[in-house]
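Hey, can you work out the whole structure from these sequences and the hints?
Just so you know, the sequences run in chain order A and B. Read in the working numbering, the first sequence has 218 at position 218, and its numbers run on one by one without any break. Read in the working numbering, the second sequence has 111 at position 111, and its numbers run on one by one without any break.
Some clues are possibly wrong.
[Claimed, not checked] When the alpha-carbon atoms are kept at most 20 Å apart in a straight line, the in silico SDA-like pairs for lysine to any residue are as follows:
1. K196(A) <-> I63(B)
2. K231(A) <-> M182(A)
3. K225(B) <-> T193(A)
It should be emphasised that the hints constitute simulated quantities derived from the structure, not laboratory data. If you're wondering where the values come from, they're calculated on a predicted model, not measured in any experiment.
This is what each chain is made of:
Number of protein chains: 2
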Amino acid sequence: MGCGGSVFSGTTQGIDRSVVEQIVRQVALEYLGRPANGVSPAPELTVLASARHMHICREDMDILFGKGSELTVYKDLYQVGNFAANEKVTIIGPRSRLISNLRILGPMRKQSQIELAFTDAISLGIDAPVRLSGNIADTPGAIIMGPKGSLELKQGIIRAAIHVHMNPAEAALFGVKQGDLMKLKVGGPAGITFDKVHVRIDPTSRLNVHMDTDEANACGLHLTKDIELIK
Amino acid sequence: MGCGGSVFSGTTQGIDRSVVEQIVRQVALEYLGRPANGVSPAPELTVLASARHMHICREDMDILFGKGSELTVYKDLYQVGNFAANEKVTIIGPRSRLISNLRILGPMRKQSQIELAFTDAISLGIDAPVRLSGNIADTPGAIIMGPKGSLELKQGIIRAAIHVHMNPAEAALFGVKQGDLMKLKVGGPAGITFDKVHVRIDPTSRLNVHMDTDEANACGLHLTKDIELIK
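Written out as structure tokens, the structure reads:
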């Protein structure tokens, strides 16, 4: 085998491609905590890792993908009505670093928002705050490019806080209310307890913890099914 | 601003460069837990994030950097005698993905070993097991390239388990022994408790928790000094 860097001229380590595969790998994994005796009232717990993604508003969709364009379904997500779209954008940070193939999750929302892991944000040079989805006041922005245009997103880049979706019946079972914090204890060789899992209650929700790729990789989520949600 | 992917032909998202900066950023951070009253016997706790790196043996050093070559000091590390070297290699995974500028930590060891975060390992396509440093039996390998040669590392690629170095006096203070597990509770907006912090005792050690970049990014280590090591 040859030596020296010149062997690799023209070959690059593509962070984009690897992360796309990471999305496929991790979003596809579902960790089910079933009651041991089969009769416990405890609902099944699904924990999913979200790779970085964008939520988009109508106005930004028009600019990036063309007037009147619509998101198209690449894959349905666990929460009913939500989907990973075929549409992807490129985000450009303040130091001219970029991440391409940033997937959009549908449906469209009232305001655009980009959720990055700290690994992504540090790579881009963006100081992303930890926020719950939708709470984007005074967050940083970036340049976003789509196939039909580009725009300067003024704000909306966050590191999403780990959270659990549930319906009111499940909330009653756990004895928690909207905005409470729960713990998620993940076993396995890299055991971690997430101490601040935000409770988000909606009648349409399915019980489901969302963490990001940094969190999933830190706890080795792919290595264990020993996971417990605790009040 | 122009639109479309062609604008970026020839421009790549360099994971290597960003991670090098991440090394500098995170290794430089020290989180000190000082006793509130200034008279407590509790030793100061330093928590450091280790970016991916290699430990190298004499034989592999000869192949990669030339017969009789030596590591040179780029920066001293927290544990006395350990240092980040100027020397770097490229690691090539089974799917022809690569990570360049993988820094070597000195001094040389009896066997080569590469410590990756899961984010790195997934990117390379390597199924790295969680191991304590030095415990590399039946771990995967990879092709390693240096400026003077390349080799096939047969084994030695791990995701290092989070661990705490301490001296015997500190171990006595905590009431722990070699191989015990402790907890590290990190506060802040992304609060996490690491439930399996391996205790490593050595007379030359300074009290110091080592985590990797996935773990540091998951808990937002850069956002808080509210950190506690618990038996």
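Quiz item: If you draw a straight line from the CA of K225(B) to the CA of T193(A), is it 20 Å or shorter?
Solution: It holds: about 18 Å lies between the C-alpha atoms, which stays within 20 Å.
Self-check item: Given hint I63(B) paired with K196(A) - CA-CA distance at most 20 Å
Solution: violated (48 Å)
Quiz item: Is the hinted pair K231(A) and M182(A) satisfied, with a Cα-Cα distance of at most 20 Å?
Solution: Since the Cα atoms of K231(A) and M182(A) sit roughly 5 Å apart, the hinted pair holds (cutoff 20 Å).
The structure fails hint 1 only (numbered hints given earlier).
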